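> Letter by letter, the chains look like this.
Protein chains: 2
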Amino acid sequence: MMEGISSEAASLAGTLRLGKLIYLYDDNNISIEGDTDITFTEDVSDRFRGYGWHVIGPIDGMDITEVDSAIRVARAEKDRPSLIICRTVIGYGSPNRAGTGLAHGEPLGEDEVKLSKEQLGWPYEEPFTVPPEALNHFRQARERGSRQQQEWQARMEAYRSAYPDIARQLELDLSGELPDSWDSDLDSMFLSEDKPMATREASGRIMNIISPRLHALVGGSADLAPSTKTILKQKGHFGIENYRGHNLHFGVREHAMGGIANGMAVHGGIIPYAATFLIFYDYMRPPVRLAAMMQQRVIYIFTHDSVGLGEDGPTHQPIEHLAGLRAVPNLTVIRPADATETIEAWKIALENRQGPTALILTRQKLPLLDRKILAPAGGVQRGGYILWQSAESPAIILIGTGSEVHIALEAGRLLEQKGIVASVVSLPCWGLFDAQPEEYRKSVLPPDIKARVSIEAAATMGWKKYVGDEGIAIGIDRFGASAPYRVIYDNFGLTAQRMADEAERLLKGR
Amino acid sequence: MMEGISSEAASLAGTLRLGKLIYLYDDNNISIEGDTDITFTEDVSDRFRGYGWHVIGPIDGMDITEVDSAIRVARAEKDRPSLIICRTVIGYGSPNRAGTGLAHGEPLGEDEVKLSKEQLGWPYEEPFTVPPEALNHFRQARERGSRQQQEWQARMEAYRSAYPDIARQLELDLSGELPDSWDSDLDSMFLSEDKPMATREASGRIMNIISPRLHALVGGSADLAPSTKTILKQKGHFGIENYRGHNLHFGVREHAMGGIANGMAVHGGIIPYAATFLIFYDYMRPPVRLAAMMQQRVIYIFTHDSVGLGEDGPTHQPIEHLAGLRAVPNLTVIRPADATETIEAWKIALENRQGPTALILTRQKLPLLDRKILAPAGGVQRGGYILWQSAESPAIILIGTGSEVHIALEAGRLLEQKGIVASVVSLPCWGLFDAQPEEYRKSVLPPDIKARVSIEAAATMGWKKYVGDEGIAIGIDRFGASAPYRVIYDNFGLTAQRMADEAERLLKGR
Numbered sequence: 001m002m003e004g005i006s007s008e009a010a011s012l013a014g015t016l017r018l019g020k021l022i023y024l025y026d027d028n029n030i031s032i033e034g035d036t037d038i039t040f041t042e043d044v045s046d047r048f049r050g051y052g053w054h055v056i057g058p059i060d061g062m063d064i065t066e067v068d069s070a071i072r073v074a075r076a077e078k079d080r081p082s083l084i085i086c087r088t089v090i091g092y093g094s095p096n097r098a099g100t101g102l103a104h105g106e107p108l109g110e111d112e113v114k115l116s117k118e119q120l121g122w123p124y125e126e127p128f129t130v131p132p133e134a135l136n137h138f139r140q141a142r143e144r145g146s147r148q149q150q151e152w153q154a155r156m157e158a159y160r161s162a163y164p165d166i167a168r169q170l171e172l173d174l175s176g177e178l179p180d181s182w183d184s185d186l187d188s189m190f191l192s193e194d195k196p197m198a199t200r201e202a203s204g205r206i207m208n209i210i211s212p213r214l215h216a217l218v219g220g221s222a223d224l225a226p227s228t229k230t231i232l233k234q235k236g237h238f239g240i241e242n243y244r245g246h247n248l249h250f251g252v253r254e255h256a257m258g259g260i261a262n263g264m265a266v267h268g269g270i271i272p273y274a275a276t277f278l279i280f281y282d283y284m285r286p287p288v289r290l291a292a293m294m295q296q297r298v299i300y301i302f303t304h305d306s307v308g309l310g311e312d313g314p315t316h317q318p319i320e321h322l323a324g325l326r327a328v329p330n331l332t333v334i335r336p337a338d339a340t341e342t343i344e345a346w347k348i349a350l351e352n353r354q355g356p357t358a359l360i361l362t363r364q365k366l367p368l369l370d371r372k373i374l375a376p377a378g379g380v381q382r383g384g385y386i387l388w389q390s391a392e393s394p395a396i397i398l399i400g401t402g403s404e405v406h407i408a409l410e411a412g413r414l415l416e417q418k419g420i421v422a423s424v425v426s427l428p429c430w431g432l433f434d435a436q437p438e439e440y441r442k443s444v445l446p447p448d449i450k451a452r453v454s455i456e457a458a459a460t461m462g463w464k465k466y467v468g469d470e471g472i473a474i475g476i477d478r479f480g481a482s483a484p485y486r487v488i489y490d491n492f493g494l495t496a497q498r499m500a501d502e503a504e505r506l507l508k509g510r
Numbered sequence: 001m002m003e004g005i006s007s008e009a010a011s012l013a014g015t016l017r018l019g020k021l022i023y024l025y026d027d028n029n030i031s032i033e034g035d036t037d038i039t040f041t042e043d044v045s046d047r048f049r050g051y052g053w054h055v056i057g058p059i060d061g062m063d064i065t066e067v068d069s070a071i072r073v074a075r076a077e078k079d080r081p082s083l084i085i086c087r088t089v090i091g092y093g094s095p096n097r098a099g100t101g102l103a104h105g106e107p108l109g110e111d112e113v114k115l116s117k118e119q120l121g122w123p124y125e126e127p128f129t130v131p132p133e134a135l136n137h138f139r140q141a142r143e144r145g146s147r148q149q150q151e152w153q154a155r156m157e158a159y160r161s162a163y164p165d166i167a168r169q170l171e172l173d174l175s176g177e178l179p180d181s182w183d184s185d186l187d188s189m190f191l192s193e194d195k196p197m198a199t200r201e202a203s204g205r206i207m208n209i210i211s212p213r214l215h216a217l218v219g220g221s222a223d224l225a226p227s228t229k230t231i232l233k234q235k236g237h238f239g240i241e242n243y244r245g246h247n248l249h250f251g252v253r254e255h256a257m258g259g260i261a262n263g264m265a266v267h268g269g270i271i272p273y274a275a276t277f278l279i280f281y282d283y284m285r286p287p288v289r290l291a292a293m294m295q296q297r298v299i300y301i302f303t304h305d306s307v308g309l310g311e312d313g314p315t316h317q318p319i320e321h322l323a324g325l326r327a328v329p330n331l332t333v334i335r336p337a338d339a340t341e342t343i344e345a346w347k348i349a350l351e352n353r354q355g356p357t358a359l360i361l362t363r364q365k366l367p368l369l370d371r372k373i374l375a376p377a378g379g380v381q382r383g384g385y386i387l388w389q390s391a392e393s394p395a396i397i398l399i400g401t402g403s404e405v406h407i408a409l410e411a412g413r414l415l416e417q418k419g420i421v422a423s424v425v426s427l428p429c430w431g432l433f434d435a436q437p438e439e440y441r442k443s444v445l446p447p448d449i450k451a452r453v454s455i456e457a458a459a460t461m462g463w464k465k466y467v468g469d470e471g472i473a474i475g476i477d478r479f480g481a482s483a484p485y486r487v488i489y490d491n492f493g494l495t496a497q498r499m500a501d502e503a504e505r506l507l508k509g510r
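First to last, the sequence lines map onto chains A and B. Heads up: the first sequence begins at 1 in the numbering used here, then just goes up one per residue. Heads up: the second sequence begins at 1 in the numbering used here, then just goes up one per residue.
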C-alpha cells in the first residue's frame with residue numbers, strides 16, 4: 001500500500017471499472033521498522049473510494065468465515081474493483097511475537113514455535129506435517145477442479161462448433177504461436193522509401209502491418225502513444241465502453257504499465273507491448289527485471305533513445321540506460337540502425353518466447369541503409385554483422401549501433417578516400433551476437449584486427465569487450481545537453497570525421 | 001498525480017503532518033493521449049483527504065485572486081499539508097488549441113500565437129517583451145526581498161548573541177563543511193577486531209561514531225533501518241512528536257525517499273543519507289540520477305549487495321545493479337572489501353560535494369583484511385590499489401571488489417604455493433580509479449602483465465576494461481538462486497580455487 005505502484009495500478013483499475021479485481025489488504029499494522037503509525041496513517045478506505053473502488057471492511061482477517069463472505073460480496077460487485085480490508089495479526093498464535101515487527105524479520109526460533117503450536121492447538125511435533133483432514137480437503141479440491149476443467153472443455157467444444165473461426169483464433173492466441181506467414185511481406189515494406197525515417201516511425205508502421213494478422217498483439221503506452229508511434233490504427237481503444245480494444249492507455253504510470261504487461265504475458269493469449277521514452281525505463285526497472293526472470297514474452301518499445309532527442313535536454317536524454325538494459329540477464333536489447341533493421345528487430349521480439357525484448361528506437365530521422373550495396377538486414381538476427389567493407393583485408397573495424405551506424409559508414413567512406421580499408425559492423429544486439437558460435441564472431445570481429453573504433457550515443461561501459469585493449473570507444477560518459485540534435489552530435493564528438501581521425505591515429509600508432 | 005511517487009510522498013507528508021507543505025494541483029483534464037478521463041477518473045479530494053491532507057477547491061486556477069486567497073487559507077492550516085485543486089485550461093487564450101492535448105505536445109505556431117495574443121489582449125508583437133508594469137513589479141519584489149533578507153540577518157545576529165553555540169552549529173551546517181577532526185579517530189576503529197564483520201555492520205558503527213560530531217547528518221531507510229544498520233543511536237526519531245529527530249522513517253517508499261533526500265540536499269544544512277537493499281535501487285533510479293545531475297551530496301547506503309544475501313533468492317539478489325550504478329555519470333560507487341575499506345568509503349562520501357555517493361555493502365560477514373601484512377586501506381581514496389603481492393615482478397594480477405577481495409587474496413596465496421607470483425588488487429571504486437593519473441593506474445595494473453583475473457559477484461559488464469583482451473572476468477551473468485551464501489558462491493564458481501585455476505590456465509596458454 002505504500003509503494004507507488006500500488007497507487008498507479010489501483011487508480012487505473014478504478015478508471016477501467018475492473019469489477020473482477022479483488023484485493024485482500026492484509027492490514028496488520030506492522031512494518032520492519034515498527035508500527036505502521038510512524039509512516040502510514042492514511043485512511044485506506046477513503047483513498048480507495050477516491051479511486052472509484054468498492055471498499056469492504058475492515059473485517060476480522062483472522063476469521064475464515066468473515067473473509068469468505070467478504071469475497072462473496074466482492075464478487076457480486078461487477079462494476080468496481082473491490083478492496084477487502086482485513087485486520088490481521090502478524091505472527092498470529094505466537095505468544096511472544098504476535099503483532100510485532102520481529103514476526104516479520106526473524107524466524108520464531110525453536111522455543112517460540114513450540115509455544116505457538118500449543119497456543120494454536122496444533123498437536124503435530126514434526127515440521128511440515130499434513131493432517132489427514134487437510135490432505136482430504138485438497139484431494140477433494142483436485143477432484144472438483146478436474147470436474148470444472150471437463151465442464152469448461154465441453155463448453156469450449158460447443159463454442160468451437162458454433163463459432164469455429166473465433167475458437168481457432170482463441171486457441172492460436174492461447175498457444176502463443178505466431179500465425180502462418182505473419183511476416184511474409186515485411187521485408188519489402190521499405191523498399192521504395194528513400195527519405196530518412198525515424199526508427200520509431202518504422203516501428204509504428206511495422207506494428208500496423210502486423211497487428212491485423214496477429215490478434216494477440218495488445219499493448220499501449222504510458223501517455224506517450226503519439227510520440228512512441230505505437231497506436232494500432234485498425235484496433236479500437238480499450239476502455240469502459242470497449243473492453244475489446246487492443247490499444248491500452250496506461251496513463252503516466254510506467255511502473256504499473258510494466259507490471260500489467262507482465263500479468264498479461266503470464267495470463268497467456270496475449271503478446272503485450274509497453275511503450276515509453278527510454279529515459280522512463282528508470283521508472284519501470286523492477287517489472288522489466290521480473291519479466292526477464294520469469295522468461296515472459298513482453299515487448300518494450302523505448303523511443304527517444306539518446307541525446308538525439310534534442311531540445312528536451314539532459315533530464316530526458318538517456319546515457320546509462322543502454323548499459324543498464326544490456327546488463328539484465330535474459331533481456332534481449334536491440335537498437336536497430338534504420339527501418340530495415342527495425343523489421344528484423346520486431347521479428348526477433350515476437351519470436352523470442354524465452355524472455356522480454358527491448359526495442360531501442362530513435363526520435364530523429366535516420367537515412368535508410370541502402371541494401372543494394374550493403375549487406376542484408378537479416379544480419380540483425382545474429383546480433384551483429386559486417387554491413388560494408390570497402391575492399392578485402394580491412395585494416396580497421398568501425399562498429400556502431402542504432403542511429404550511429406550511418407555515421408560509422410560515413411567514417412568508412414572517409415577512410416576509403418584516404419586509401420584505408422575499413423570494415424563497418426552494425427552491432428544492434430550484443431546479447432545475440434555473444435551467443436553466436438565463436439567462428440561467426442571471429443568472422444565479424446577478426447582477432448588480428450586490433451585497430452577498432454566504436455560509436456554509440458551512450459555511456460561507453462561494456463564496449464571494451466568489442467573494441468579490445470587497443471581500440472577506442474566513442475560515446476557519452478556525462479549528462480546530455482539541450483540543443484538541436486545535430487549540434488549535440490557535433491559538440492559531443494559523435495561524428496564521422498572524429499571516428500575517421502581516431503582510426504587513422506590508431507593505425508599510425510601501431 | 002498519476003506517477004506512484006506522488007502517492008508515496010503525499011502519504012508520508014500526511015503522516016508527518018507537514019503543515020507548511022502546499023501543493024497547487026494544475027487540474028487541466030488533459031494528457032498527451034487525450035482527455036484524462038481515459039486514464040484518471042479518481043476523486044483527488046477523497047484520495048488526499050484519505051492521506052490526511054487539507055483539501056481546498058476546486059477553485060478557478062485561471063483567476064489569480066482565487067489562487068492567492070486559496071494559498072492564504074492553506075498557509076493558515078498548520079497541522080496538515082494542503083492541496084489546492086486548481087481547475088485550469090491548458091493553452092489558455094489560444095482560440096483553437098486551448099483545452100486540447102495539442103497544447104501540451106506541440107508548439108502553437110506563428111498564426112495561433114498571433115490569435116492568442118489578440119484574445120489575451122497582449123499588444124506586443126515582439127517575443128519576450130517585458131511590459132513596464134511587469135518590470136516595475138519585479139523591481140519592487142527585489143527591493144522587498146532585499147529588505148526581508150536584512151531583517152533576517154538582524155534576527156540571526158540577535159540569535160547568535162543569545163545562543164552562540166547553536167548559531168555556530170547552524171552556520172557550519174549551512175556551509176556544508178565538515179567540522180574539524182570529524183574523522184580523527186576513525187582509522188583506529190577496527191584495530192582490535194578479529195572476528196569477521198559485514199560491511200553493513202561496519203558502516204553502521206562508523207555512522208554512529210560520526211553522527212554526534214556531524215550534526216548535519218540526517219537520513220533513514222525505506223523500512224529497512226534494522227537490516228541496513230543505519231539507525232543513529234544517539235539521535236531521536238523524526239515524527240510528529242519530535243521534528244528534531246535525525247532518524248527518518250520513509251516507509252516502503254524508495255522512490256519518494258530518493259526524492260526527499262534530493263530536496264534535503266538542495267535545501268542545504270543537511271547531509272542526507274538514504275538506505276535500502278541494493279536490489280531496491282531499481283525503485284529509486286530516477287532520483288539517484290537527478291542527484292548526480294544536480295551534483296548534490298546525497299549518500300546512498302545499499303546493503304545486501306549480491307547473491308551473498310543468501311536465501312531471499314533471485315528476486316532480491318542484485319546482478320546488474322553495480323553495472324547500472326557505475327554507468328551513471330557523476331555518481332561515485334564504492335564497494336568496500338571489509339570494515340577498514342568501509343571507513344575510507346565513508347570519508348569519500350562525506351567529502352564528495354560534487355555529487356552523490358553509493359556505498360555498496362554486504363549482508364554477510366567478511367574477514368577483516370589484516371593491514372599489518374597488507375597495504376593500508378587508504379588506497380581506497382584512489383579507487384584501486386595493490387593490496388598484496390607475494391613477491392616482486394608478479395606474473396598475474398588478481399582483481400576483486402567488496403566481498404570478493406578476500407577470495408582474490410586467497411587465490412593469490414594458492415598461486416604462491418605453486419610458485420606463481422600474483423599481485424592482488426582491490427578495486428572498490430572504478431570511477432575514482434579511472435580519474436587517477438595514468439602513471440598511478442599503470443603502477444596498479446601494469447600494461448605488460450596481460451594475465452589478469454577479476455572476481456565480482458555481479459554482472460561482468462565493464463570488466464574487460466580492467467582485465468584486458470587476454471584476461472578473464474569471473475562474475476554472474478544470470479539470475480541468482482536461493483541457498484545459503486556459501487553454497488551459492490560454490491555453485492556460481494566464485495571461489496579462490498577457480499580463480500587460481502583460471503590464472504594458471506592463462507599463464508600456460510601464453
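Keep in mind that the hints were calculated from the coordinates and are not lab data. Remember, it's a predicted structure, so these values are computed and weren't measured experimentally. Be a bit skeptical, because a hint or two may be false.
It does not matter which identical chain is meant; a pair holds if it fits inside one copy or across any two.
Said to hold, decoys possible - Each computed EDC-like pair below joins lysine to aspartate or glutamate, with the alpha-carbon atoms no more than 20 Å apart:
| no. | residue 1 | residue 2 |
| --- | --- | --- |
| 1 | K442 | E77 |
| 2 | K117 | E177 |
| 3 | K347 | D173 |
| 4 | K233 | D35 |
| 5 | K442 | E470 |
| 6 | K365 | E106 |
> What are the numbers of the hints that this structure violates, sorted from low to high?
1 and 2
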